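Just so you know, the sequences run in chain order A and B.
The numbering of the first sequence is this note's numbering, which starts it at 1 and goes up by one.
The numbering of the second sequence is this note's numbering, which starts it at 1 and goes up by one.
Worth flagging that the hints you see were computed from the coordinates, not collected in a lab.
Incorrect hints may have been included.
[Claimed, not checked] Computed cross-link-like contacts, DSSO-like style, restricted to lysine-lysine with a CA-CA straight-line distance of at most 27 Å:
| id | chain 1 | residue 1 | chain 2 | residue 2 |
| --- | --- | --- | --- | --- |
| 1 | A | Lys42 | B | Lys252 |
| 2 | B | Lys145 | A | Lys2 |
| 3 | A | Lys38 | B | Lys2 |
| 4 | A | Lys38 | B | Lys38 |
| 5 | A | Lys42 | B | Lys38 |
| 6 | B | Lys145 | B | Lys252 |
| 7 | A | Lys38 | B | Lys42 |
Being a predicted model, the structure only gives us computed values, none of them experimental.
There are 2 protein chains.
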Amino acid sequence: MKTYLECYPCFLKQALSAARRAEGTEAQQLSVIRRVMKILNKLDASAIPPAIARLVHHAVREEISCPDPYREAKRKSTEQALALLPELRKLIDDSQDPMDTAIRLAIAGNIMDLGVMEDFGDLDQTIRRVLKQPFAIDHTEDLRKLLETSDHLLYLADNTGETVFDRALIERINIPVIYAVKGSPVLNDATEQDAIEAGLHEVATILSNGSDVPGTLLELCSTEFRDAFKNAPVIIAKGQGNYESLSDAVSKVFCLLQVKCPVIGEDIGAPTGSIICRRSYP
Amino acid sequence: MKTYLECYPCFLKQALSAARRAEGTEAQQLSVIRRVMKILNKLDASAIPPAIARLVHHAVREEISCPDPYREAKRKSTEQALALLPELRKLIDDSQDPMDTAIRLAIAGNIMDLGVMEDFGDLDQTIRRVLKQPFAIDHTEDLRKLLETSDHLLYLADNTGETVFDRALIERINIPVIYAVKGSPVLNDATEQDAIEAGLHEVATILSNGSDVPGTLLELCSTEFRDAFKNAPVIIAKGQGNYESLSDAVSKVFCLLQVKCPVIGEDIGAPTGSIICRRSYP
């Protein structure tokens, strides 16, 4: 997805939020904002949002000498989501169509995004909404068929905490799963440590993608990850960052997300608040 | 009021909004954003928001060669408010305390602000709310006393359309009123033309302040206006821009506004949605 002009103020807002989470002084926060404006001023107009967000968060971490501004928020998110895991499993077990419920819950978990808002509100309310809500784009049938005929699944993680919702879905998937996480911290995206804290290593093989892009830019990923991407017969890509990077990817990629910003809504063709299971080139 | 770091993304958002109202091409919109980031990067940290907003809107008008991007929006706002004028007068006439109602309506009209949001929503709903809502800061008694003992009032206008609500208040004031407007277009702030279209010349002497600041920076105003400011025994200053510029002014200034952004809310000490009649140094 291209970078829209609306993204520019949003990058500044995100930088300020991250700088405050990193406990930067007022002067450091101003330095971050100025540095981000310089980055934005030099941008190639074709740069996609996750590539820019990577530079923005790099500036925050460097300016404030804080390797992981979202560490504490991520720990809390995982704790909060783990407390819900028994309930998520019960919702899936008790439902008429457990796979549909598990996919919906994985999408519900995508609300745990600290890039768009300062907090993600009431999780229970989101779960209830997403369990009932019609899909704005629904390629779940294709996804379910492909999961039945594939020998493994590559699952691209998004936010920490959301990982636990992914775990509940993965427990329902009968083929081996590679769970790909970020190579190093960026925003509240899950790293290997975050995924292990959420217990993903118990249900999947965790694979670092070797990059700190809040999304998936193959050219910045490790060879190992690129091979896994190439060899996967089916891929689930979670969240807005992965949609922004993979919206035009090969047809084995299914983006599972909630639309949380109007710009993505316009690009994908569904309003804010929508739930999406979108196959590239269905 | 100082410029908070939260204002930076907001300036970019406002610039983009203005560039689109000016019907700039995508390339022109990007040029505007880049130019505004350069302005923001060179700012003195002590610059107050209306001084920055002036530069931002100057960049938009120049980059897109459009002298008044808000012309059409302003025309519509005046038309919409004029249609309400008979109702405003009736609300005042029928009320137990006509002056209180007139002051409240003047504050209700302050919602017609295109700097914060793309549109200002339902006017009737705002009027109903503001007529009942308790003041978050209430120096109306001081204001009313001063209006009784003063020989004239200087009234600093804010948005176009809001002018009509000001007119309804001015009709209730028994001393001569000087209605000060912007010297040239900026945002949807009222100029002389806008004030005349709203009929203010029928109830007050219209005075240009000689500046294009969306607020009142005395050092950028005409000598004539500065004299009027100095000689006025009492001053009503409408809206956020005037609060940002005059929050620490002399005690004869009464800021009448609705709090429409959380940054101003924090500065003034009242949440978004509050109604304010605030005397500087009561």
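Hints and how they fare:
{"no.": "1", "hint": "A:Lys42 / B:Lys252", "in the structure": "violated (48 Å)"}
{"no.": "2", "hint": "B:Lys145 / A:Lys2", "in the structure": "violated (59 Å)"}
{"no.": "3", "hint": "A:Lys38 / B:Lys2", "in the structure": "holds (23 Å)"}
{"no.": "4", "hint": "A:Lys38 / B:Lys38", "in the structure": "holds (8 Å)"}
{"no.": "5", "hint": "A:Lys42 / B:Lys38", "in the structure": "holds (11 Å)"}
{"no.": "6", "hint": "B:Lys145 / B:Lys252", "in the structure": "holds (12 Å)"}
{"no.": "7", "hint": "A:Lys38 / B:Lys42", "in the structure": "holds (11 Å)"}
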